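Protein sequence lines, in the order shown, are assigned to chains U and L.
Numbering that gives the first Met the number 0 applies: residue 0 is where the first sequence begins, and numbers increase by one.
Numbering that gives the first Met the number 0 applies: residue 0 is where the second sequence begins, and numbers increase by one.
Read the hints as simulated data drawn from the structure, not as lab findings.
Remember, predicted model here, so these are calculated numbers, not experimental data.
Be careful, since some hints might not be right.
[What the hints assert, rightly or not] Straight-line Cα separation of at most 30 Å, DSSO-like style, residue types lysine-lysine; simulated pairs:
{"hint": "1", "chain 1": "L", "residue 1": "K253", "chain 2": "U", "residue 2": "K352"}
{"hint": "2", "chain 1": "U", "residue 1": "K515", "chain 2": "U", "residue 2": "K531"}
{"hint": "3", "chain 1": "U", "residue 1": "K206", "chain 2": "L", "residue 2": "K304"}
{"hint": "4", "chain 1": "L", "residue 1": "K304", "chain 2": "U", "residue 2": "K285"}
For reference, the chains in residue letters:
Protein chains: 2
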Amino acid sequence: MGVQESLALDAAASKRPAPPASKSPDPPKPSPSEKQAQSSGRGSRSSGPTRLTAKEMAGRQRDISVSEFFAKNRHLLGFDNPSKALLTTVKEGVDNALDACEEAGLLPEIRVEIAQLDETRFRVAVEDNGPGIVRSQVPKIFGRLLYGSKFHRLRQSRGQQGIGISAAGMYGLLTTGKPVLITTRTAPKSAAHHLELVIDTKANEPKVKRDDEVAWEKDHGTRVEIELEGNYRGGQHSVDAYIRQISLANPHAKITFVPPKPETHGAEHVFERVTEELPPDTAEIKPHPYGVELGVLMQMFRDTKARNLRGCLTKDFSRVSGRIADEISEKAKVAGSRRPAEMSREEAERVHKAIRVTRIMAPPTDCIAPIGEELIERSLRGEVRADFYAAVTRRPSVYRGNPFLIEAGLAYGGELPAEEPVTVFRFANRVPLQYQQGACAITKAVTATDWKSYQLQQPRGGSPIGPMLLLVHIASVWVPFTSESKEAIAHYPEIIKEIRLALQECGRRVATHIRKRRREADEAKKHAYIEKYIPQVAIGLQEILGFSDPERDRVVADLTDVLERSRRL
Amino acid sequence: MGVQESLALDAAASKRPAPPASKSPDPPKPSPSEKQAQSSGRGSRSSGPTRLTAKEMAGRQRDISVSEFFAKNRHLLGFDNPSKALLTTVKEGVDNALDACEEAGLLPEIRVEIAQLDETRFRVAVEDNGPGIVRSQVPKIFGRLLYGSKFHRLRQSRGQQGIGISAAGMYGLLTTGKPVLITTRTAPKSAAHHLELVIDTKANEPKVKRDDEVAWEKDHGTRVEIELEGNYRGGQHSVDAYIRQISLANPHAKITFVPPKPETHGAEHVFERVTEELPPDTAEIKPHPYGVELGVLMQMFRDTKARNLRGCLTKDFSRVSGRIADEISEKAKVAGSRRPAEMSREEAERVHKAIRVTRIMAPPTDCIAPIGEELIERSLRGEVRADFYAAVTRRPSVYRGNPFLIEAGLAYGGELPAEEPVTVFRFANRVPLQYQQGACAITKAVTATDWKSYQLQQPRGGSPIGPMLLLVHIASVWVPFTSESKEAIAHYPEIIKEIRLALQECGRRVATHIRKRRREADEAKKHAYIEKYIPQVAIGLQEILGFSDPERDRVVADLTDVLERSRRL
């Protein structure tokens, strides 16, 4: 890896700063700069080269562009190291591809290609059969952070932030200097466009390097190619594991994966779809009054198109009927005819408080598309050979006004290892979460569940131990991730509670199975034991009661029969 | 907490979407929308109300302002819940106050006041004796995210991102609708300004609500007041624990803390300074060539004021002499006289590769100010009564081209609990980290250290157990936090390695102490044992050899003397 990696600070080269008070024990002597500050009054400052006045400080204040921010803090986006960077790039491409296909009502057919260009350099290509992207939108979608269609709405989708794919392109540019290549077409009769673009990090703006109409064999769809410094490796966090898991949670998608070195990693892997049915079309919803904070409410009053409070409440929120709006307005002592834009902070606060004490129906839940118990079970059966499977889809619930829904699946026994902590597959809006397991609400819910009462071993505060695979899926119009890299779910109590309830339901079912198996094993043991002694019992009876040999044999047959029947009960 | 908290989804109200294939086992029947898509070719789409075409999607693409982004993702900034929000607000205020004082060369004197306004509403005020803020800069510093003086430089400070205090103000506005209040003065002869401002979240711009010159008793300094929904509670994550820890790591600061309810929480707490000496003034450094990626290098070539490659390398980077620049230029086969702005990607890449195989001195380290071994030990002595203390300040090292330095402190025995996992105080640039312990490189290094070889118990993969308190401090020109809320250090291998080395050094010292104590105890036991049997030995000798009583007594005296001397060795 060159000199850089083996770099150790040369003693001669490093000018180690003396710890502040190491030479002057209690009480320490004031430093020259401090002496000066003391001698010339509180307002004076050291003459050191970097001590600054308020005016000098003012001259250094500057805007930071969001892409500069994320370029420097790339670990926030999942680009901490080369292998994670490669995985994140694939993920962002596949998330977008699946979202686009589903929004257009098309069964996804996605191709992921990874080519290794040299030891540390890779080209990732993700191609879909989605609706394509209108030419004018391509630069901003791929070359500007915080730009997208999914942030300002409440609707279940994989992408949320408008950061992911642009960040992947930015990381590629940072590490290789190469632009992002996009090929896209919206319809057979439209031209296919090929663009090459880079992000201007300082301005957070795309720069188009090439822009052509090209021939393309696809009728519609998009292909993105990003060259980056990366590392391809196996294991829990690998691209392979990701592709397998994404296919598990998206049984309606066909995914073809071409690994970097077909000779060692095998050729194309095709993950066929398990169902021909798209997930149900989900609706976009309006915010629910319970999830809206005072500041947001004030903003909504300023922005609304409604002429009065009543109109704003009924039109801009979900589940607020005219009757409910009147109730709120009455409790808040603010007239329903009040112009929202003219309302004072105090009036808004009264409305906000009135909302919290008014009974409002929970938000609609047709905005959420679960995978479903049957498909989860079927996916688990495809993933692992076990003795027992269970899946639970909970009813939707609400956190901070956002509807969400928890599903859990479980496989037990069979080929699963008996003496290890259980494996947990975590999913959010059908996307597998592979990193930061320790920080995730799903992990918290798994360890906080009492698995001992479900016949499993569990060290205090730890994961259960046993031949079990767990799958947990949260679907929501807004998944609260702990970081922009979307690797773990934040610890909202409402979410943890729902996950625990789903796990408990799975736990009860597996406990029934385990108990039944144990009872069967116990009985088989007892049966074998009794069977062994029946002849002895018969001989004893023969001796005591003076049975003939046929009588003795009949006793043996009778007892065996009783034993058989008792077992069948 | 009103209706909101007890909300459960009403069965009648919730329209639970049917899991996709629950009614149609393998093979599933195609849904109506899919049927249509199949019958009319790949390009056709469902008629569902929300399935979209590329054109419709294009119409929905929008910019997302960075403050909208963080308002929705407030948990990224440490505003997950009311108690954390209160703590984060205090932290951001104190971080800024300490940074300002130190940059101006003033011994910090900081006052933190928390007033409880009703059950869930608080007003936080942080006041410092710093250099004050020039009036024109106040709105942007407090009312715009990603604005500041610390991001674009490489220099050790608590703040880095230009987000913190504006985010606290934004959270206050969101939850209470109230503006941020700032009072500031730069010199006795200048007027004090009082501003009230709110952040326009959609535009990420400040709006000034009030702007007056006021009378103020302070000659210079700044006072910030934020009203917010919060929760004041005790424990590991409390404001109290934070204030104690910040005082521990900043022995040069005087901090006065006024808790919300003096009658229950006690009156003003004053944390006096332990030293009158400011931390050493740290320099701002230029990037080191080893830490610069290809994309960044290309950007630097475009932006440089230098006329040629040689000038750019020597002026814009640290540790590149003319000789080193010539060596790089020669290895890259790019003339030193080449105009940087005209260089191609390929040329830049060759320079980038040449840098990696050229031996360049490690970055200067006068940009880092450690707390120092003596002050750490003194702070620990003030914090806890133990039998043994140790502190280690490592020599600076480098990750991704950024200098950093690790310090560790340890207290052992005394009043510390013997049978519990050790407590770890984590600090970054003198700021205590209280949340996300599990995700932090410091925790990783603690659990990855083999404490058994230092005479402590340690469960596999866990924290050591014993009467010990650990303190770890990372100082750097750029601390890589795992999230914007700055609660944990990212797992850079170079950083983890340095922390382990510091802990190992502390471990060796405490092991020596523990072994010495054990040996002393062992010897005392042995001594007492032998002492007890000396008279018996003498009587035995008397009987065998026919000693007189005085001879016997002399043997007792001699043996006792030998024992005493052997112990003294």
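Results for each hint:
1. In summary, the hint linking K253 (chain L) to K352 (chain U) is not supported, as the alpha carbons are separated by about 41 Å, beyond the 30 Å threshold.
2. A threshold of 30 Å between alpha carbons decides the hint, and for K515 (chain U) with K531 (chain U) the separation of about 24 Å falls inside it, so the pair holds.
3. Of the supplied pair hints, the one linking K206 (chain U) and K304 (chain L) holds, its CA atoms being roughly 23 Å apart against a limit of 30 Å.
4. Straight-line distance between C-alpha atoms of K304 (chain L) and K285 (chain U) comes to about 52 Å, which puts the hinted pair past the 30 Å bound.
Figure legend: structure checked against the earlier numbered hints; hints not met, in rising order: 1 and 4.
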